[in-house]
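K.L.:
Spelled out, the chains give:
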Amino acid sequence: MSSVHIRDVRKSFGNFEVLHGVTIPIEDGAFVVLVGPSGCGKSTLLRMLAGLENITSGTISIGDRVVNNVQPKERDIAMVFQNYALYPHMTVADNMGFSLKLRGASANEISAGVKRAAEILALTPLLDRYPRQLSGGQRQRVAMGRAIVRDPQVFLFDEPLSNLDAKLRVAMRTEIKELHQRLKTTTVYVTHDQIEAMTMADKIVVMHDGIVEQMGTPLELYDRPANQFVAGFIGSPAMNFLKGQLKSNGSAGFEGPNGVKLPLASAPANSEGQPAVYGVRPEHFTIADDGAEAEIIVVEPTGSETQVFATLGGEQVVAVFRERHQFNPGDKIRLKPDPSLVHLFDDTTGKRLNA
Amino acid sequence: MAEIALTPRPPKTEIREASAWDQLKHNRNWLGFWFMVPALVFLVFFLAYPLGLGIWLSFTDTRIGRVGQYVGTENYEWLWDDAIFWLSVFNTLLYTFVASAIKFGIGLYLALLLNENMPFKAMLRALVLIPFIVPTVLSALAFWWIFDSQFSIISWSLKQMGLITQNINFLGDTTWARICVIFANIWRGVPFVAITLLAGLQTVQPSLYEAATLDGATRWQMFRHITYPLLTPIIAVVMTFSVLFTFTDFQLIWAMTRGGPVNSTHLMATLSYQRAIIGGQLGEGAAISSAMIPFLLAAIMVSWFGLQRRKWQQGENND
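Protein sequences appear in the order of chains W and P.
Here the numbering used here is used: the first residue of the first sequence is 15, the next is one more, and so on.
Here the numbering used here is used: the first residue of the second sequence is -15, the next is one more, and so on.
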């Protein structure tokens, strides 16, 4: 186990720079999730950490050692690939023992290592099977087993769950997290799925267009997104954004589209009339008599909660209620955001304005 | 809408029982049979009939211009005591074995090379195919000149460099002649092996190599433990075809040496042609050709076992 430090790392393919100076400190034993939309550079960063891509500039160190020019096999890392990359012509046991075999371990050492990893992942009955004879989830576990056998300093996961069906994904999510709690190996996990990031991470790194937008614990990111991108990316259904300007009428307030009045707990200093974006999470709406009028378009009950799509000042918003209301499309309701949980963002830079 | 509703419906035709003919018309197996007939006719007339005729001829004393009598295994008994026939068998095995082995080696090497990222990759891949595109007789004639006893460019170059004083008698010396025809066959056969193996190499997922890199494999270990095992099914196909083509080779030999000197490059195919067509002994020639069948069957059996889906290829394919 060791810490990982990514310092001002850049990556260019030809003249095209895909990572514009990324700095991420990763503590020893942490579970860090790199999350972002496709093309944000998260997988490239992971592959640079693994040594599969060159580092254009900046440094990556594992423990105290800068690994920029260290061969992948010398970095003492193990990676789980999106498509698992299991060797199709080897049995599960051979797949898992391959790295030990290459290292010149004895047959006893190999079988002991494989046995230990197989027990951790409940793969023992499958050791003689070939990858083709396994289900998706089993293959996923073999890929993890292959990583565990090596007992590396750092585990790298590259979108490991995206080839699984929804139910299995949830199960494997828990399994990976549990595995990390047991092994306590530093883990870097790449995904585009913010739910995976939220549920698994000690620390989430939100990336976008080759830069780090924000780093923090899942709840920090959820409660205090540093900018509009993070606010929109973290949370499902996504945060509602309403453009307008800050208007204090005695107390702090916000004038949304088509003059809709929205409440604010406090306005930033000297901000009267400033254009801004008002962000409110779907679950922070309540039905109240002093709310803004909205017209329901679609009601989607999921059982535990109900998602309501409505127009508020001409803009579509979504609200989530845990209590069961009798809503029908076309109904007029009064939606009131909880002023203490409202986010304000700069109209042009997208930066967070309120404390 | 209204107009449609108002038009009187035509009276329904009475439902009649489906006749046997109706059932046949809708029988998919029957339809399938008719789709297969053209292929069947083709196979019977162009493959089964000539093969059967050849085997039948080998049991007769047919000559050109004279219908033969059934003579049992007499032709084969003759061949059994025929030193030239046995020489041709030896030549064919030598030719096939040496040429196929070298073609495999060079072909695999080229395939691995062309699978690397390098400049002008597409052009190089196209270049490799050239020997395959040139008509065999044309390339054989070119080799005939290259190995000519007086005008050989190789002899000339070596003499210019002062390495030899006398022309090398490439096609006049038994050992040299064998080397030359094998060389020509390799030159011609390498592209097929190289391009097919290259196609096989490209089906190997790049992530397997990445995984192996992280597992600590050297380039040789990656070849030994990943590339080669994954390529074996393709290798089995390619080498079967390569062996079959080489074993039955006729054009190259006939254009370059006609089996000479002193029968040292006579293959079973060329000997058969010489006895049957040039010499007019159709029965005997057919017996030589038929004698190739066991060898070819053996080669096919080897590939049949080699081609069987390996254990790791079996099972659920849900990836």
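Calculated from the structure, these hints are not laboratory results.
Think of the CB as a built atom: it goes at the ideal place given N, C-alpha and C, for glycine as much as any other residue.
Just so you know, not all the hints are guaranteed correct.
Stated by the list, open to error - Which chain P residues stay away from chain W? Per the calculated CB distances, all over 12 Å, these:
1. GLN7
2. ARG12
3. PHE26
4. ARG47
5. GLU58
6. PHE74
7. VAL188
8. LEU192
9. TYR193
10. GLU194
11. LEU198
12. GLY200
13. MET206
14. ILE210
15. LEU214
16. GLY264
Said to hold, decoys possible - With beta-carbon atoms standing in for the labels, derived distance ranges:
17. ILE86/P with ASN122/W: 38 to 44 Å
18. GLY16/P with ASN122/W: 26 to 32 Å
19. ILE114/P with PHE30/W: 53 to 59 Å
K.L.:
A separate judgement is required for each hint: does it hold in the structure or not?
P.N.:
Results of checking the hints against the structure:
1. No beta-carbon of chain W is positioned within 12 Å of the beta-carbon of GLN7/P; the least distance is around 42 Å.
2. The Cβ of ARG12/P lies farther than 12 Å from every Cβ of chain W, with a closest approach of about 32 Å, so its non-interface assignment holds.
3. For PHE26/P, the condition that its CB be more than 12 Å from all CB atoms of chain W holds, with the nearest at approximately 37 Å.
4. For ARG47/P, the requirement that its beta carbon stay farther than 12 Å from each beta carbon of chain W is met, with the minimum near 56 Å.
5. Against the 12 Å criterion, GLU58/P stays outside the reach of chain W, whose nearest CB is about 52 Å from its own CB.
6. In this structure PHE74/P is separated from chain W by more than 12 Å, as the shortest Cβ-Cβ distance comes to about 38 Å.
7. Listed as a non-interface residue, VAL188/P fails to keep its Cβ farther than 12 Å from every Cβ of chain W; the least gap is roughly 9 Å.
8. Non-interface call for LEU192/P relative to chain W: violated, since the shortest CB-CB distance, roughly 5 Å, does not exceed 12 Å.
9. Annotated as non-interface, TYR193/P brings its C-beta within 12 Å of a C-beta of chain W; the closest such distance is 9 Å.
10. Distance to chain W contradicts GLU194/P as a non-interface residue, since its nearest Cβ pair spans about 5 Å, not more than 12 Å.
11. Annotated as non-interface, LEU198/P brings its C-beta within 12 Å of a C-beta of chain W; the closest such distance is 5 Å.
12. The non-interface label for GLY200/P is inconsistent with chain W: the shortest C-beta to C-beta separation is roughly 4 Å, within 12 Å.
13. With a least beta-carbon separation of about 10 Å from chain W, MET206/P fails to lie farther than 12 Å from that chain, contradicting its non-interface assignment.
14. Once the 12 Å rule is applied to beta carbons, ILE210/P is inconsistent with being away from chain W; the minimum gap is 6 Å.
15. Annotated as non-interface, LEU214/P brings its C-beta within 12 Å of a C-beta of chain W; the closest such distance is 6 Å.
16. Residue placement check: GLY264/P keeps its beta carbon more than 12 Å from all beta carbons of chain W (closest about 55 Å).
17. One distance hint, 38 to 44 Å for the beta-carbon pair ILE86/P and ASN122/W, holds here, with the actual separation near 42 Å.
18. The given range of 26 to 32 Å is broken by GLY16/P and ASN122/W, whose C-beta atoms sit roughly 58 Å from each other.
19. Here the CB-CB span from ILE114/P to PHE30/W is close to 37 Å, at odds with the stated 53 to 59 Å.
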